[in-house]
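Residues per chain, in single letters:
Protein chains: 2
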Amino acid sequence: MSLLVVGSLALDTIETPFGRAEMVAGGSAVYVSVAASYFAAPIRLVGVIGSDFPKQEIEFLESRGVDLTGLQTIQGGKTFHWSGRYHYDLNERDTLSTDLNVFEKFNPEIPQSYRKSRYVILGNIDPILQRRVIESMGQKPELVICDTMNFWIQGKHDELLQTLKLVDIIILNDSEARLLSSEPNLIKAAKIIMKLGPRIVIIKKGEHGALLFTGDTIFSAPAFPLEFIYDPTGAGDSFAGGFVGHLARTEDLSDENFKRAVVYGSVMASFCVTKFGIKGLKDLSDIEIMGRYRDFIELSRVSD
Amino acid sequence: MSLLVVGSLALDTIETPFGRAEMVAGGSAVYVSVAASYFAAPIRLVGVIGSDFPKQEIEFLESRGVDLTGLQTIQGGKTFHWSGRYHYDLNERDTLSTDLNVFEKFNPEIPQSYRKSRYVILGNIDPILQRRVIESMGQKPELVICDTMNFWIQGKHDELLQTLKLVDIIILNDSEARLLSSEPNLIKAAKIIMKLGPRIVIIKKGEHGALLFTGDTIFSAPAFPLEFIYDPTGAGDSFAGGFVGHLARTEDLSDENFKRAVVYGSVMASFCVTKFGIKGLKDLSDIEIMGRYRDFIELSRVSD
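Here the protein sequences line up with chains S and W, keeping their order. The first sequence begins at 1 in my numbering and counts up by one. The second sequence begins at 1 in my numbering and counts up by one.
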């Protein structure tokens, strides 16, 4: 099942209490594509980089079967750069700098060969661009998933509402859900967000797992209890990649399969955070992924 | 299976964004006993009240089959009074006043008829008193469960460590676990706490559920997704009551049954918070409790 991924490609400088990584490949489109690549093909990426984006990371994406026809390279330009520092409590981080660089004028162009992609996942970018992507598809995708963030919820609220009308599934974290709905209770918040367009809402709660709302049903997935978390960067996008990857692989859009997809998303997030940047998503085997999936199921299983 | 409950009886004045309750019956021994009373009998209570504790609440406890032989009433004395205000985000609260009153000189005396109780649950009281209770039992109980709080972890650290050596199961919340272990990661924290004595650690995470650590196994229980939470007071003690109540009812101390007990604890906490004070624990039917248990299991169940 063909999957279109639109989002940022970045060079990240990350500090955590356990180390530092400088100018390493990141960005939502990278994490989503790599995580999804363990499940489905082809993955079609749309994004923009400068000429400083490391060649070996391009080759890595290609080795994962990611189609880069839609990747724009601005010669002489610089790739989007984000720098952040995590606290000892890894749930807290300070953004030290954000240099949009070539990402500032990013205008996603969907190549002709991508336009019949049946699944579309829109990383956290300007909702106007998200809508433009949906509208430029050659045929209505079967599933449109989007992410967003406080910056757009507050700064481009009306544009975001327009975009949400075209979206099937929204993935956001708890504080974003509260902000978007103006409602502190997450169950009420999800119901309010469903009225804005998405028929499915997924609320990520970091180390506390994720909630899936489908119609009247709620599914609660734990986070994997890890003793060592080195770098939370990209965990949310890895979740989204595992989630959509499982759906694309199985081509099953039943409520029951959305639950499994949430667990696969959690699996990929749990691998992501064990190393810096995208390293935790490299060189995974199907056996490791299946094993972690089974451990997840076991984690909240109660026998009769 | 006989169950001994030692803890506070209080009159609470509670403010939440949804209302206010003045001088209503509360305290750890009350919440634990009432929640456990839906599962097991006899429940033997040890605590102290003044002459202002409402007669109808005494009668309510008796109607629930709670044995009050060990309840001391100080004539002319005033019952422990706690007053607090919850924020709009119900996870935050301010304590407005704490008047220990007759609780200040509480010295738990275990009546002869209680001394062969096989299960003992020690609410959040001075660890010296907790130890005295354990040591005054006529025979070693099969299971000793204790709760504690930041106040004792910081103020009576050495005494608490002495008590923990005699304890099988400790139930505490995430911030208390971090404080007791000096470790922010909850998985590592639980392992450290296990080395202090308890072979089982339960970490409550409020609206994010609870983690059960038994040997090398971790079980993650979600919290019930409630749209309306009126008063979180007593949720933790209701959890403890449902937990120990299920164990006492089934007389099954297997790891698998501890998981079920955690779910029953979560069930009782979910009923508790829907009304002010102990009202949410009154008039529950077995059918309601079983139904909520099944809903809990369904909440995190994934089919193959």
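I should point out that these hints are in silico values taken from the structure, not numbers from a laboratory. Keep in mind that the hints are not guaranteed to be accurate.
When chains are identical, the list treats them as one kind, so a pair holds in a single copy or across two.
Lysine to aspartate or glutamate pairs mimicking EDC-like chemistry, simulated, CA-CA at most 16 Å apart [claimed, not checked]:
#: 1; residue 1: K259; residue 2: E298
#: 2; residue 1: K188; residue 2: E227
#: 3; residue 1: K140; residue 2: E227
#: 4; residue 1: K195; residue 2: D158
#: 5; residue 1: K188; residue 2: E256
#: 6; residue 1: K188; residue 2: D89
#: 7; residue 1: K279; residue 2: E22
#: 8; residue 1: K55; residue 2: E92
#: 9; residue 1: K78; residue 2: E135
#: 10; residue 1: K105; residue 2: D94
#: 11; residue 1: K259; residue 2: D304
#: 12; residue 1: K55; residue 2: E104
#: 13; residue 1: K191; residue 2: E227
#: 14; residue 1: K78; residue 2: E256
#: 15; residue 1: K275; residue 2: D286
#: 16; residue 1: K282; residue 2: D174
#: 17; residue 1: K279; residue 2: E59
#: 18; residue 1: K105; residue 2: E288
Checked hints:
| no. | hint | result |
| --- | --- | --- |
| 1 | K259 <-> E298 | both (15 Å within a copy, 11 Å between copies) |
| 2 | K188 <-> E227 | between (33 Å within a copy, 6 Å between copies) |
| 3 | K140 <-> E227 | neither (43 Å within a copy, 35 Å between copies) |
| 4 | K195 <-> D158 | within (15 Å within a copy, 55 Å between copies) |
| 5 | K188 <-> E256 | neither (22 Å within a copy, 33 Å between copies) |
| 6 | K188 <-> D89 | between (28 Å within a copy, 14 Å between copies) |
| 7 | K279 <-> E22 | within (13 Å within a copy, 56 Å between copies) |
| 8 | K55 <-> E92 | neither (32 Å within a copy, 49 Å between copies) |
| 9 | K78 <-> E135 | neither (29 Å within a copy, 70 Å between copies) |
| 10 | K105 <-> D94 | neither (25 Å within a copy, 48 Å between copies) |
| 11 | K259 <-> D304 | between (21 Å within a copy, 11 Å between copies) |
| 12 | K55 <-> E104 | neither (22 Å within a copy, 70 Å between copies) |
| 13 | K191 <-> E227 | between (34 Å within a copy, 10 Å between copies) |
| 14 | K78 <-> E256 | neither (43 Å within a copy, 55 Å between copies) |
| 15 | K275 <-> D286 | neither (19 Å within a copy, 48 Å between copies) |
| 16 | K282 <-> D174 | neither (28 Å within a copy, 32 Å between copies) |
| 17 | K279 <-> E59 | within (14 Å within a copy, 63 Å between copies) |
| 18 | K105 <-> E288 | neither (39 Å within a copy, 57 Å between copies) |
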